[in-house]
Amino acid sequence: MTYLNALQIRPATERDFDTVSELAAISARHTSQGVYTSAQMAGLAEFAVIDQTLIVDGSYFVIEVEGVIRASGGWSRWPELTHSDSVGSNDRAPLNPTTDSARIRHLYTHPEFGGRGLGRALLATAEAAARIAGFYSGEMIATPAGQRLYTSAGWRPIDQVELHTQNGTILPAVRMTKSFRSSQRAA
343 MTYLNALQIR PATERDFDTV SELAAISARH TSQGVYTSAQ MAGLAEFAVI
393 DQTLIVDGSY FVIEVEGVIR ASGGWSRWPE LTHSDSVGSN DRAPLNPTTD
443 SARIRHLYTH PEFGGRGLGR ALLATAEAAA RIAGFYSGEM IATPAGQRLY
493 TSAGWRPIDQ VELHTQNGTI LPAVRMTKSF RSSQRAA
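Take 343 as the starting number for the sequence shown in my numbering and just add one per residue.
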């Protein structure tokens, strides 16, 4: 079996929640080594919590390699950029695709599969799904570890942000944006 034949991208299901949550924790710990302090890495765990709304909405995807989930990520039609933004926000309205940017959220790759294009494939899948839903642009919060991938995929930084954790540490991050208009091809 070739690598491509062993690869499947599909929407995540509620049964995948525990697996993608574990993947997020493993990936966040691995990619933050040497980038964040140990206190910041402990705080990062607060942000590496998968928002189940994305799974329910059908906008969170997994990549399976030989039947095992090795990467996950998606997009959202809701205004939150991080999981901590969505805690306790039941009175929210969905974003307007013609005036707002889709939110790209929770992209994680298992460390053993880093650098093999799984993150880029998920990012492209999330962007395509957001475009199909009518969004013309995307926005995300990127950690320093992910910024290089996103920049190489056409995302641009718009400002530096600080993520405040419950343990009192601050995580530097970057808010990024991308226009999907140039990504669309004529039919």
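There could be a bad hint or two in this list.
Simulated DEER-style distance windows between Cβ atoms [unchecked claim]:
id: 1; residue 1: Arg523; residue 2: Glu408; range: 23 to 29 angstroms
id: 2; residue 1: Glu408; residue 2: Thr519; range: 33 to 39 angstroms
id: 3; residue 1: Arg357; residue 2: Ile500; range: 35 to 41 angstroms
id: 4; residue 1: Asp501; residue 2: Arg357; range: 33 to 39 angstroms
id: 5; residue 1: Asn509; residue 2: Ile474; range: 37 to 43 angstroms
id: 6; residue 1: Phe359; residue 2: Ala475; range: 21 to 27 angstroms
id: 7; residue 1: Glu364; residue 2: Arg523; range: 33 to 39 angstroms
id: 8; residue 1: Arg371; residue 2: Gly459; range: 35 to 41 angstroms
id: 9; residue 1: Ile474; residue 2: Glu406; range: 20 to 26 angstroms
id: 10; residue 1: His506; residue 2: Ala348; range: 36 to 42 angstroms
id: 11; residue 1: Gly376; residue 2: His506; range: 17 to 23 angstroms
id: 12; residue 1: Gly409; residue 2: Arg523; range: 32 to 38 angstroms
id: 13; residue 1: Thr519; residue 2: Ile474; range: 15 to 21 angstroms
id: 14; residue 1: Thr441; residue 2: Asn509; range: 34 to 40 angstroms
The hints are simulated quantities; they were obtained by calculation from the structure and are not laboratory data.
Given the structure is predicted, the values throughout are model-derived calculations rather than measurements.
Ideal Cβ positions, reconstructed from N, Cα and C, are used throughout, including at glycine.
Here is what the structure says about each hint:
1. Arg523 x Glu408: 23 to 29 angstroms: 37 angstroms, violated
2. Glu408 x Thr519: 33 to 39 angstroms: 35 angstroms, holds
3. Arg357 x Ile500: 35 to 41 angstroms: Distance hint for arginine 357, isoleucine 500 holds at roughly 36 angstroms.
4. Asp501 x Arg357: 33 to 39 angstroms: 38 angstroms, holds
5. Asn509 x Ile474: 37 to 43 angstroms: Holds, at about 39 angstroms.
6. Phe359 x Ala475: 21 to 27 angstroms: 22 angstroms, holds
7. Glu364 x Arg523: 33 to 39 angstroms: The hint (33 to 39 angstroms, Cβ to Cβ) holds, given that glutamate 364 and arginine 523 are roughly 37 angstroms apart.
8. Arg371 x Gly459: 35 to 41 angstroms: Violated - the Cβ-Cβ distance for arginine 371 and glycine 459, about 22 angstroms, lies outside 35 to 41 angstroms.
9. Ile474 x Glu406: 20 to 26 angstroms: At 22 angstroms between Cβs, range holds.
10. His506 x Ala348: 36 to 42 angstroms: 41 angstroms, holds
11. Gly376 x His506: 17 to 23 angstroms: Distance hint for glycine 376, histidine 506 holds at roughly 22 angstroms.
12. Gly409 x Arg523: 32 to 38 angstroms: 37 angstroms, holds
13. Thr519 x Ile474: 15 to 21 angstroms: The hinted range 15 to 21 angstroms holds for threonine 519 and isoleucine 474, with Cβ atoms some 19 angstroms apart.
14. Thr441 x Asn509: 34 to 40 angstroms: The hint (34 to 40 angstroms, Cβ to Cβ) holds, given that threonine 441 and asparagine 509 are roughly 37 angstroms apart.
In summary, the structure is inconsistent with hints 1, 8 from the numbered list given earlier, while agreeing with the others.
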